[in-house]
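**Student:** Residues per chain, in single letters:
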Amino acid sequence: MEGIFGNLAIGFVEVFKLQPITLAGMTLTLPFNIIMCLIGVLLGTLIGVLPGIGPVATIAMLLPVTFNLSPIAALIMLAGIYYGAQYGGSTTAILVNIPGESSSVVTCLDGYQMARQGRAGPALATAALASFFAGCVSTLIVALFAPPLAEVALKFGPAEYFSLMVLGLVSAVVLAHGSLIKAIAMVILGLLLGLVGTDVNSGVLRFAFGISELADGIGFVTVAMGMFGIAEIIGNLEQKEHREVFTSKVSHLWPTKEDWKRLWKPTLRGTALGSALGILPGGGALLASFGAYTLEKKVSKYSHEFGKGAIEGVAAPESANNAGAQTSFIPLLTLGIPSNAVMALMIGAMMIQGIAPGPQVMTERPQLFWGMIASMWMGNLMLVVLNLPLIGMWIKLLTVPYRILYPSILLFMAIGVFSISNQPFDCFLMACFGLLGYVCVKLGCEPAPMILGFILGPLMEENLRRAMLLSRGDPFVFVSPSKPISLTFLVVSAALLVIIALPALRKKREEVFVAEEQPAHHP
Amino acid sequence: MKVKSQQDLWAGLMFVGFGVFFMVVALGTPEFLDKLLGTRLIPGYQMGSSVRMGPAYFPVMLGGLLAFLGLLVLVDAAVEEGPKVAKFNFRPLLFILASSLAFAYLLKPLGLVLAAVALVFISAYGGHEFKWKEVAILSVALVIFSVLVFVKALVLPFPICPDFIEICPIR
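Taken in sequence, the protein lines are chains S and G. Residue numbers for the first sequence follow the numbering used here, beginning at 1 and rising by one. Residue numbers for the second sequence follow the numbering used here, beginning at 1 and rising by one.
The following block holds chain S by itself, in its conformation from the complex (with noise of 0.2 Å):
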């Protein structure tokens, strides 16, 4: 316990550290990092807030920015977005019934019926209040599980990575909408294009085609911005504009003590299983809300009221969406491992700023890993005292119209591709994706189990080819006895593959699905 003090204050310090800037000729000394941070919830927010555009996209459009920052801040900024956003979506489900995020789309469910009674002031404050709460506990919990997770995956060879990276795989297929086929050939498909390149092994030029732009990968920020970016502004243009706002209801912002009563427990509930939720691979925010969602329904003896308005319906998702953000950090902290399309990005982050992400990183950059940390308690604190005082702003901006929003996107999107190489190949690259995106969309096939597999398809290869040139060739080292971490994954993979085949749990999935897509309609 005494040493989880001690590195969080290592953290601290390093958030907190005094750094020389020179920024448009003048060299001034600040707080540089906790000053990234900030910049980072805030936007976090103002994305979450606005429908239509969503952390993958930002990340990846902010991500060529920060190649000229110091590792820590640009890591410390990405994740401010990521849990940001969290709390910006909810403002947009509570008052204009359009999730901003795709976490808040049961916020949506309860929180707009509480607005349309008059009280959408505290469901604001309930959400944000619950976020707080969830933030600070799991963020205590990523302190305190990372370091012995990372000691254990130190131990892990190759087969040992190898079948982790097939059960991230696989849960995000489990999680996928629609078709269990369709979302692992999607998986395979992202796998296949992130060989696209020069192999390591032999140094040939794979499926490059002689394009010299190839040489070194498609750049992953390319695909998940065709696929996520670009896909989702034609997608939302093939729709009708309409949006209701309270904006003139948001009077009193505090819950009654009767409010206080009933959101505690559902807030405690929410943060544990988004907390435990939010570490599975394929896991985070999406899954903790809808999870903590069904089970206050379950459980709590106001359920006839859930979907009229009431209070548990905001507490328990909110709480546990920002719980799952936060503890989602984990697998990508201490084994290197994205859960998510969010955390992919942030792999791609380290790795341009030279840091190969792994369980090595908390030993040999303690000030990294426990300054992000640290970062994170902040940005939740940073994020409840100004959200709560700026709502008034956040819903002006919720009435600026798509038609300006997606020009505006689409020009910072194309800027931040084309400065990846300063090439217009990037930008040719990504348009393909854009149009690769809506097809699958089109076609029912989710592109973000898609962009796993490409995050993850030269990292498999790689120890694919280790683990067999260690057993001289034997397939079976993946499930020997001697390997029991390596079998473990791979047979709870497979059990995870069965279950979510069964008649009975497809059909209770797709029921599932359905009730998110209902009013996850965008603008």
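Quick caveat, the hints were computed from the structure, so don't treat them as lab data. Quantities reported herein were computed from a predicted structural model and do not represent experimental measurements. Don't take every hint at face value.
[Claimed, not checked] Straight-line distance between alpha carbons at most 25 Å, and here's what the computed DSS-like set of lysine-lysine pairs gives:
1. S/Lys442 with G/Lys87
2. S/Lys442 with G/Lys2
3. S/Lys396 with G/Lys133
4. S/Lys442 with G/Lys133
5. S/Lys396 with G/Lys131
Chain S is already provided as a structure; the job is to place chain G on it using the hints.
**Tutor:** Positioned in the frame of chain S, the structure of chain G alone reads:
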């Protein structure tokens, strides 16, 4: 045989197509075809063995798996009732893609200002309503913002003005 799910039909074909494509490129064209044509059409990569995997090994495995899954989706399309493919809306699709391409290929010769204006106008034309005045104001605002933030503050090496203007008025 009747197709019960249009969506699955096209998705299946897409997966089979990608799978076969990656396999063929990794393996190279089959020997009989090479003999027939008298030349190696696609050279392919080395397969290696399971102990020492060559560059073709993993892609061939994955490509085969992808094609197989595509076939399963095709079977599904014939067996299970499924949704039709939602209609493609070509206007936003074409204009959004065109606008990002225009930006990319105009940036170096024409500079950030004109490339950004082109992107904003073309993409705005793909939306529901297009108001000249509004789009003009938006493009001016975005140009000022991007020049200040991206070129001045973040020092991205973008030209601001076209090549042929010797002295750029924006400094």
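**Student:** Hint by hint, note whether the structure agrees.
**Tutor:** Status of each hint after checking the structure:
1. S/Lys442 with G/Lys87: holds, 8 Å
2. S/Lys442 with G/Lys2: holds, 21 Å
3. S/Lys396 with G/Lys133: holds, 22 Å
4. S/Lys442 with G/Lys133: violated, 34 Å
5. S/Lys396 with G/Lys131: Holds - the C-alpha atoms of lysine 131 of chain G and lysine 396 of chain S are around 22 Å apart, at most 25 Å.
Checked against the numbered hints above, the structure violates only hint 4.
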